[in-house]
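J.: The letter at position 28 of the sequence shown is residue 28 when you use full-length UniProt numbering, and the numbering goes up by one with no holes.
If you're looking for bench data, these hints aren't it; they were derived computationally from the structure. Do not rely on the hints blindly, as some may be mistaken.
Unchecked claim - With a straight-line Cα cutoff of 16 Å, these simulated EDC-like cross-link-like pairs (lysine to aspartate or glutamate) come out: (1) K22 - D38; (2) K54 - D19; (3) K22 - D37; (4) K22 - D55; (5) K54 - E27; (6) K22 - D34.
Owing to the predicted nature of the structure, the values given are computational and were not obtained by experimental measurement.
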Amino acid sequence: MMIPVRCFTCGTVIGEHWDEFKARAREGDEDPADVLDDLGVTRACCRRMMVSHKDLVDVVSPYQ
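With the hints as constraints, model all of the structure from the sequences given.
T.: Put into structure tokens, the structure is as follows:
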């Protein structure tokens with residue numbers, strides 16, 4: 001789960017694409033730009049949010 005769910009700049013919901021982006025771009029061998037194109041994330045502000053996001057949920061809440 002991505003927190004925040006929306007882009008700070010334009011307000012578009014981008015959290016729904018986070019799990020697939022993380023699996024394909026961060027843990028795989030695919031280029032992040034190609035993954036974002038496939039997911040339909042085209043705005044520069046949203047792309048920046050996805051690429052620069054640091055997932056802290058596991059660090060903040062290690063016990064589930």
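J.: Is the hinted pair K54 and D19 satisfied, with a Cα-Cα distance of at most 16 Å?
T.: 13 Å, holds
J.: Taking only the CA atoms, is the gap from K22 to D55 under or equal to 16 Å?
T.: The hint holds at about 10 Å.
J.: Do the alpha carbons of K22 and D38 lie within 16 Å of each other, as the hint requires?
T.: Holds, at roughly 13 Å.
J.: Hinted pair, alpha-carbon criterion (16 Å max): K22, D34. Please report holds or violated.
T.: 13 Å, holds
J.: Regarding the pair K22 and D37, is the alpha-carbon distance no greater than 16 Å?
T.: 14 Å, holds
J.: Quick one, are K54 and E27 close enough, alpha carbons at most 16 Å?
T.: 14 Å, holds
Checked against the numbered hints listed earlier, the structure breaks none of them; every hint is satisfied.
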